[in-house]
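2 protein chains.
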Amino acid sequence: MSDPIEFYFDFTSPYGYLMSEKIDELAAKFGRKVKWRPILLGVVFKATGAQPLAQVPLKGEYSKRDFARSARFLGVPYAMPAIFPIATQNTARAYYWLHDRDCARAWVFAHAAYRGYFVEGRDINDIAVILDLAQKVGAGDTAELQAALGSPELKDRLRTEVDAALAKGVCGSPYVIIDNEPFLGADRLPQIEKWLESGGF
Amino acid sequence: MSDPIEFYFDFTSPYGYLMSEKIDELAAKFGRKVKWRPILLGVVFKATGAQPLAQVPLKGEYSKRDFARSARFLGVPYAMPAIFPIATQNTARAYYWLHDRDCARAWVFAHAAYRGYFVEGRDINDIAVILDLAQKVGAGDTAELQAALGSPELKDRLRTEVDAALAKGVCGSPYVIIDNEPFLGADRLPQIEKWLESGGF
Numbered sequence: 001m002s003d004p005i006e007f008y009f010d011f012t013s014p015y016g017y018l019m020s021e022k023i024d025e026l027a028a029k030f031g032r033k034v035k036w037r038p039i040l041l042g043v044v045f046k047a048t049g050a051q052p053l054a055q056v057p058l059k060g061e062y063s064k065r066d067f068a069r070s071a072r073f074l075g076v077p078y079a080m081p082a083i084f085p086i087a088t089q090n091t092a093r094a095y096y097w098l099h100d101r102d103c104a105r106a107w108v109f110a111h112a113a114y115r116g117y118f119v120e121g122r123d124i125n126d127i128a129v130i131l132d133l134a135q136k137v138g139a140g141d142t143a144e145l146q147a148a149l150g151s152p153e154l155k156d157r158l159r160t161e162v163d164a165a166l167a168k169g170v171c172g173s174p175y176v177i178i179d180n181e182p183f184l185g186a187d188r189l190p191q192i193e194k195w196l197e198s199g200g201f
Numbered sequence: 001m002s003d004p005i006e007f008y009f010d011f012t013s014p015y016g017y018l019m020s021e022k023i024d025e026l027a028a029k030f031g032r033k034v035k036w037r038p039i040l041l042g043v044v045f046k047a048t049g050a051q052p053l054a055q056v057p058l059k060g061e062y063s064k065r066d067f068a069r070s071a072r073f074l075g076v077p078y079a080m081p082a083i084f085p086i087a088t089q090n091t092a093r094a095y096y097w098l099h100d101r102d103c104a105r106a107w108v109f110a111h112a113a114y115r116g117y118f119v120e121g122r123d124i125n126d127i128a129v130i131l132d133l134a135q136k137v138g139a140g141d142t143a144e145l146q147a148a149l150g151s152p153e154l155k156d157r158l159r160t161e162v163d164a165a166l167a168k169g170v171c172g173s174p175y176v177i178i179d180n181e182p183f184l185g186a187d188r189l190p191q192i193e194k195w196l197e198s199g200g201f
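Protein sequences, first through last, are from chains A and B. Here our numbering is used: the first residue of the first sequence is 1, the next is one more, and so on. Here our numbering is used: the first residue of the second sequence is 1, the next is one more, and so on.
Some clues are possibly wrong.
What the hints assert, rightly or not - Which chain A residues stay away from chain B? Per the calculated CB distances, all over 10 angstroms, these:
id	residue
1	Ala-47
2	Pro-57
3	Tyr-62
4	Asp-66
5	Ser-70
6	Val-76
7	Gln-89
8	Asn-90
9	Cys-103
10	Asp-123
11	Lys-136
12	Asp-163
13	Gly-169
14	Gly-185
15	Asp-187
To be verified - 20 angstroms max Cα-Cα, derived SDA-like pairs, lysine to any residue:
id	chain 1	residue 1	chain 2	residue 2
16	A	Lys-29	A	Lys-168
17	B	Lys-194	A	Ala-68
18	B	Lys-168	B	Ala-47
19	A	Lys-155	A	Gly-200
20	A	Lys-64	A	Pro-81
21	B	Lys-168	A	Val-56
22	A	Lys-194	B	Leu-189
23	A	Lys-46	B	Lys-168
24	A	Lys-64	B	Val-34
25	B	Lys-64	B	Thr-160
26	A	Lys-22	A	Ile-83
27	A	Lys-46	B	Leu-58
28	A	Lys-33	A	Asp-100
29	B	Lys-194	A	Ser-2
30	A	Lys-46	B	Gly-169
31	B	Lys-64	A	Gly-200
32	A	Lys-168	B	Gly-49
33	A	Lys-33	A	Pro-81
34	B	Lys-46	A	Gly-49
35	A	Lys-136	A	Gln-146
36	A	Lys-64	B	Gly-49
What the hints assert, rightly or not - Derived CB-CB ranges, DEER-like:
id	chain 1	residue 1	chain 2	residue 2	range
37	B	Glu-197	A	Thr-160	45 to 55 angstroms
38	B	Lys-155	A	Phe-30	29 to 39 angstroms
39	B	Phe-201	A	Ala-167	33 to 43 angstroms
40	A	Glu-197	B	Phe-30	36 to 46 angstroms
None of these hints come from the bench; they were simulated from the model. C-beta atoms are modelled at their ideal positions from N, C-alpha and C, and glycine is treated no differently.
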């Protein structure tokens with residue numbers, strides 16, 4: 001059995017969202033599972049010196065156009081959120097809290113959060129929105145999650161994940177690692193497919 | 001007759017080189033011509049605040065791997081030049097000088113320069129190398145080109161082209177414009193193909 005594919009993403013990353021709608025099906029085609037790992041681009045950008053794409057002169061305007069066109073190209077529903085980018089530390093923490101209890105439910109939550117932001121335009125870092133999403137994906141009583149979101153343990157959990165991602169070379173979102181081979185960007189999907197098909201090229 | 005596709009690139013851009021090996025054939029499939037426009041990424045980066053990719057922490061290492069893998073993916077010969085990136089203002093000026101005399105020859109020169117750098121590892125900004133390339137593509141007596149390379153007129157010519165590109169929103173290399181629709185990066189080739197096929201999507 002091959003190792004799972006690692007999929008690093010920030011919940012505010014449009015290209016991460018596009019990858020989230022494609023990677024599992026693609027992996028399954030080749031008998032592979034996917035390990036979802038939300039990270040914080042803000043921390044990554046401190047390491048790389050990059051700015052959020054939408055704020056870069058010239059490139060920002062281009063990017064907004066490219067987000068929507070790339071979604072159409074891939075057949076993924078997409079609506080540019082009115083507030084973009086947003087902080088996502090609460091969303092990512094909720095993911096890991098759910099993950100430690102039921103990883104399948106965390107995966108459903110991640111999908112719901114991504115679609116909540118990039119289709120419905122909800123502020124998915126807002127605690128009330130997170131609890132609503134968690135309840136809808138069957139997390140039951142969310143009081144425990146609400147308490148956990150403010151805890152130092154869960155903050156540390158996310159920090160550890162982001163540090164581990166940086167140590168692996170993660171330099172953007174989405175960042176996919178297949179058997180030590182890294183792929184940055186939703187536009188690397190064709191290369192990912194070829195890699196899975198042929199075991200490298 | 002449709003307008004030509006505009007193809008903006010810097011001679012030191014690996015993804016620009018990959019595009020240069022693909023765009024004409026793709027355009028021809030849909031009865032379109034391509035207007036090649038070398039620019040200077042250094043000037044673009046001043047406008048966008050970006051750094052040369054290879055010098056960005058984490059992303060630099062990833063990029064070098066991705067350049068070579070993307071070339072293999074596209075079936076384009078590629079060898080990472082020992083000195084990278086390089087200045088390319090002389091190469092770009094030579095292109096425009098040739099272009100104003102014989103645009104077909106300038107196109108052959110551009111291909112030869114790109115391959116000279118990304119296959120043979122030659123310093124294509126070096127005047128002696130430029131004159132050698134120009135002679136090989138049939139530019140005849142290159143003394144006139146050599147004199148022109150130091151002239152304020154040719155410097156102005158390139159500056160005007162780069163300014164015009166910036167005014168069009170060019171924010172990287174390669175940057176392709178098809179009927180006002182911009183595409184950044186060699187990884188947009190599948191979208192470019194779909195766009196040409198369907199007249200937009």
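Hints versus structure:
no.: 1; hint: Ala-47; in the structure: 6 angstroms, violated
no.: 2; hint: Pro-57; in the structure: 5 angstroms, violated
no.: 3; hint: Tyr-62; in the structure: 6 angstroms, violated
no.: 4; hint: Asp-66; in the structure: 7 angstroms, violated
no.: 5; hint: Ser-70; in the structure: 7 angstroms, violated
no.: 6; hint: Val-76; in the structure: 13 angstroms, holds
no.: 7; hint: Gln-89; in the structure: 21 angstroms, holds
no.: 8; hint: Asn-90; in the structure: 25 angstroms, holds
no.: 9; hint: Cys-103; in the structure: 27 angstroms, holds
no.: 10; hint: Asp-123; in the structure: 28 angstroms, holds
no.: 11; hint: Lys-136; in the structure: 33 angstroms, holds
no.: 12; hint: Asp-163; in the structure: 13 angstroms, holds
no.: 13; hint: Gly-169; in the structure: 6 angstroms, violated
no.: 14; hint: Gly-185; in the structure: 7 angstroms, violated
no.: 15; hint: Asp-187; in the structure: 4 angstroms, violated
no.: 16; hint: A:Lys-29 with A:Lys-168; in the structure: 26 angstroms, violated
no.: 17; hint: B:Lys-194 with A:Ala-68; in the structure: 15 angstroms, holds
no.: 18; hint: B:Lys-168 with B:Ala-47; in the structure: 13 angstroms, holds
no.: 19; hint: A:Lys-155 with A:Gly-200; in the structure: 37 angstroms, violated
no.: 20; hint: A:Lys-64 with A:Pro-81; in the structure: 10 angstroms, holds
no.: 21; hint: B:Lys-168 with A:Val-56; in the structure: 16 angstroms, holds
no.: 22; hint: A:Lys-194 with B:Leu-189; in the structure: 16 angstroms, holds
no.: 23; hint: A:Lys-46 with B:Lys-168; in the structure: 30 angstroms, violated
no.: 24; hint: A:Lys-64 with B:Val-34; in the structure: 25 angstroms, violated
no.: 25; hint: B:Lys-64 with B:Thr-160; in the structure: 31 angstroms, violated
no.: 26; hint: A:Lys-22 with A:Ile-83; in the structure: 25 angstroms, violated
no.: 27; hint: A:Lys-46 with B:Leu-58; in the structure: 11 angstroms, holds
no.: 28; hint: A:Lys-33 with A:Asp-100; in the structure: 18 angstroms, holds
no.: 29; hint: B:Lys-194 with A:Ser-2; in the structure: 34 angstroms, violated
no.: 30; hint: A:Lys-46 with B:Gly-169; in the structure: 27 angstroms, violated
no.: 31; hint: B:Lys-64 with A:Gly-200; in the structure: 17 angstroms, holds
no.: 32; hint: A:Lys-168 with B:Gly-49; in the structure: 26 angstroms, violated
no.: 33; hint: A:Lys-33 with A:Pro-81; in the structure: 30 angstroms, violated
no.: 34; hint: B:Lys-46 with A:Gly-49; in the structure: 15 angstroms, holds
no.: 35; hint: A:Lys-136 with A:Gln-146; in the structure: 15 angstroms, holds
no.: 36; hint: A:Lys-64 with B:Gly-49; in the structure: 18 angstroms, holds
no.: 37; hint: B:Glu-197 with A:Thr-160: 45 to 55 angstroms; in the structure: 47 angstroms, holds
no.: 38; hint: B:Lys-155 with A:Phe-30: 29 to 39 angstroms; in the structure: 53 angstroms, violated
no.: 39; hint: B:Phe-201 with A:Ala-167: 33 to 43 angstroms; in the structure: 40 angstroms, holds
no.: 40; hint: A:Glu-197 with B:Phe-30: 36 to 46 angstroms; in the structure: 28 angstroms, violated
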